Amino acid sequence: AQSVTQLDSQVPVFEEAPVELRCNYSSSVSVYLFWYVQYPNQGLQLLLKYLSGSTLVKGINGFEAEFNKSQTSFHLRKPSVHISDTAEYFCAVSGRDNDMRFGAGTRLTVKP
Amino acid sequence: DGGITQSPKYLFRKEGQNVTLSCEQNLNHDAMYWYRQDPGQGLRLIYYSQIVNDFQKGDIAEGYSVSREKKESFPLTVTSAQKNPTAFYLCASSIGGTVSNEQFFGPGTRLTVL
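Protein sequence lines, in the order shown, are assigned to chains R and P.
Take 7 as the starting number for the first sequence in my numbering and just add one per residue.
Take 60 as the starting number for the second sequence in my numbering and just add one per residue.
Hints were generated in silico from the structure; no laboratory data involved.
Do not rely on the hints blindly, as some may be mistaken.
Examples of chain R residues toward chain P, derived with CB under 7 Å [to be verified]:
#	residue
1	Pro-46
2	Gln-48
3	Leu-54
4	Lys-55
5	Gly-109
6	Ala-110
7	Gly-111
Since this is a predicted model, take the numbers as computed values, not measurements.
Where a beta carbon is used, it is the ideal one built from N, C-alpha and C, also for glycine.
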């Protein structure tokens, strides 16, 4: 079965600075990769997904992620963050087992 | 507007009582899921259903039960057998059983056992 590791539980960053949220996965089969965002006391919203094709995936709110098969990574990046980006971010992977596995989450805090 | 609704938003239960969380979707999705979220642990799958009248256990099904009598509804019952039920519960749905399909999430229900 596949699994996901989010390497940072918390990432503090100043407004307008760049940010990278790291995600590594393990799987013995081809996978599909997702990033979701969760604002306090709400459900999850899809930011972007990688299914196939170009390894650089662009999502909503200016986020992008790069699929790296050799390093089994799918890191999320944004060149300039805003206060409104403060939220929890989840990396997820799905594969042959037809279920989705989530990482433990990374809490992004953007400071003024 | 299409989407997923969960009710209630907040739920309080006395120890030893069963409680049912509602999940309804009008997206015409075949698959539905229940997750439990605890701080620092991400989302853990409780049950999922790929089609009406069929469902499978996830990683932490003990102490929970579900039914899928209608395509749009997937209620979750937290029974008294669940040792630590206080958590945030999320319902999700997807178009079908294909693994590449993204899941759409409801707003969640926060359950507190008193």
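Consistency of the hints with the structure:
Interface hint status for Pro-46 of chain R: violated, as the beta-carbon distance to the closest one in chain P is roughly 11 Å, over 7 Å. At about 6 Å, the closest approach between the beta carbon of Gln-48 of chain R and any beta carbon in chain P falls short of 7 Å, and the interface hint on this residue holds. This hint is violated: Leu-54 of chain R has a C-beta 10 Å from the nearest C-beta of chain P, more than the 7 Å allowed. At its closest, the beta carbon of Lys-55 of chain R sits 6 Å from a beta carbon of chain P; the interface hint therefore holds under the 7 Å criterion.
At its closest, the beta carbon of Gly-109 of chain R sits 6 Å from a beta carbon of chain P; the interface hint therefore holds under the 7 Å criterion. Annotation: Ala-110 of chain R was flagged as interfacial toward chain P, and the flag holds, the nearest CB pair being 4 Å apart, inside 7 Å. Taken as an interface hint, Gly-111 of chain R checks out: its beta carbon lies about 5 Å from the nearest beta carbon of chain P, inside 7 Å.
Hints 1, 3 from the earlier list are contradicted by this structure; the remaining hints agree with it.
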